[in-house]
Amino acid sequence: SQQGEEDPQALSIQEGENATMNCSYKTSINNLQWYRQNSGRGLVHLILIRSNEREKHSGRLRVTLDTSKKSSSLLITASRAADTASYFCATVKTGANNLFFGTGTRLTVIP
Amino acid sequence: SQTIHQWPATLVQPVGSPLSLECTVEGTSNPNLYWYRQAAGRGLQLLFYSVGIGQISSEVPQNLSASRPQDRQFILSSKKLLLSDSGFYLCAWTPQMGGANQPQHFGDGTRLSIL
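Line by line, the protein sequences are chains A and B. Read left to right, the first sequence gives residues 58 to 168 (this note's numbering). Read left to right, the second sequence gives residues 9 to 123 (this note's numbering).
Same shape as in the complex, but just chain A (with noise of 0.2 Å):
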């Protein structure tokens, strides 16, 4: 079964809005990762955050963990058209070696 799970499933936002895109998990994590996926293509790596963090910025993005929750968000400031991708949250387990993808968020920013 999916280890996370984005909340919500779709998003449609007007450009210059945030964006808030929260994702559940399960079990006890070594980090937590999102990715963003444009149609049709691969997934490109956007934040990482270990257990020990609880939040984390890179440019217009702002990530939380909350581990006593198991739960993390994603924010995206000032969006723009170009964001319009899904979003998707993976996690590693505590003493595993591979990523857990959740069913990811479609966000529509319109322009």
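Incorrect hints may appear among the rest.
[What the hints assert, rightly or not] Partial pick of chain A residues on the chain B-facing surface, computed with a CB cut under 8 Å:
no., residue
1, Q90
2, R93
3, G99
4, H102
5, G152
6, N155
7, F158
8, G159
9, T160
[As the list claims (entries may be wrong)] Each pair of labels, with its calculated beta carbon distance range:
no., chain 1, residue 1, chain 2, residue 2, range
10, B, S75, A, S115, 32 to 38 Å
11, A, S69, B, V59, 39 to 45 Å
12, A, S115, B, Q81, 28 to 34 Å
13, B, N71, A, T151, 28 to 34 Å
14, B, R50, A, G116, 24 to 30 Å
15, B, Q81, A, G116, 30 to 36 Å
16, A, K126, B, V68, 27 to 33 Å
17, A, G116, B, S75, 38 to 44 Å
18, A, V101, B, V20, 23 to 29 Å
19, B, V59, A, N109, 24 to 30 Å
To be clear, the hints were calculated from the coordinates, so they are not data collected in a lab. No residue lacks a Cβ here, since even glycine has one placed at the ideal position from N, Cα and C.
With chain A held as given, fit chain B onto it using these hints.
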């Protein structure tokens, strides 16, 4: 810089035919290599991963197999394709050091349709 190549980009095959998808990585040595399948509108399912030449771990029992004949070459194969093998196949790599605790770098995928 490192690059990853997958081919072909799209493939249409009849049921029962064989399959060979190839993935190669350039600009790095001893990478960990991964094959994923993505069903329409879904997340990625790990199929195989490899930490070295000839070393293959299978995550999901199925109709597919993988091989790593060279350090930077990863091949996904099937002797007889099933309708359920349709999907988007993605290859990825990470540096040997750190494995899954490093970001994964993906190819552009192969869209496989079985008729």
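Review point. Do S75 of chain B and S115 of chain A keep their Cβ atoms within the hinted range of 32 to 38 Å?
Key: holds (36 Å)
Check your understanding: Is the interface hint for G99 of chain A satisfied, with its Cβ closer than 8 Å to some Cβ of chain B?
Key -> Hint holds; G99 of chain A Cβ to chain B Cβ min 4 Å, cut 8 Å.
Practice item. May I ask you to test the interface hint for H102 of chain A with respect to chain B, counting a Cβ-Cβ separation under 8 Å as satisfied? Key: It holds, given that the least Cβ distance between H102 of chain A and chain B is near 4 Å, below 8 Å.
Review point. Measuring from the C-beta of F158 of chain A to each C-beta in chain B, is the shortest one below 8 Å?
Key: Holds - the Cβ of F158 of chain A comes within 8 Å of chain B, reaching about 4 Å at its closest.
Check your understanding: Measuring from beta carbon to beta carbon, are V101 of chain A and V20 of chain B in 23 to 29 Å?
Key -> holds (27 Å)
Review point. Has the hinted range 30 to 36 Å been met by the Cβ atoms of Q81 of chain B and G116 of chain A?
Key: holds (34 Å)
**Study point:** Beta-carbon spacing of S115 of chain A to Q81 of chain B - inside the hinted bounds 28 to 34 Å or not
**Key:** With Cβ atoms ~32 Å apart, the hint holds.
**Study point:** Outcome for the supplied range 28 to 34 Å, where the beta carbon pair is N71 of chain B and T151 of chain A
**Key:** holds (31 Å)
Review point. CB of G116 of chain A to CB of S75 of chain B, is that within 38 to 44 Å?
Key: About 39 Å separates the Cβ atoms of G116 of chain A and S75 of chain B, which means 38 to 44 Å holds.
Practice item. May I ask you to test the interface hint for T160 of chain A with respect to chain B, counting a Cβ-Cβ separation under 8 Å as satisfied? Key: The hint holds - T160 of chain A has a Cβ within 8 Å of chain B, the shortest such distance being about 5 Å.
Review point. With 8 Å as the cut and Cβ atoms as the points, is Q90 of chain A at the interface with chain B?
Key: Since chain B brings a Cβ to about 7 Å from Q90 of chain A, closer than 8 Å, the hint holds.
Check your understanding: Quick one: are S69 of chain A and V59 of chain B within 39 to 45 Å, going by C-beta?
Key -> Cβ of S69 of chain A to Cβ of V59 of chain B: about 41 Å, so the range 39 to 45 Å holds.
The structure does not agree with the numbered hints 2 and 5 stated previously, though it agrees with the rest.
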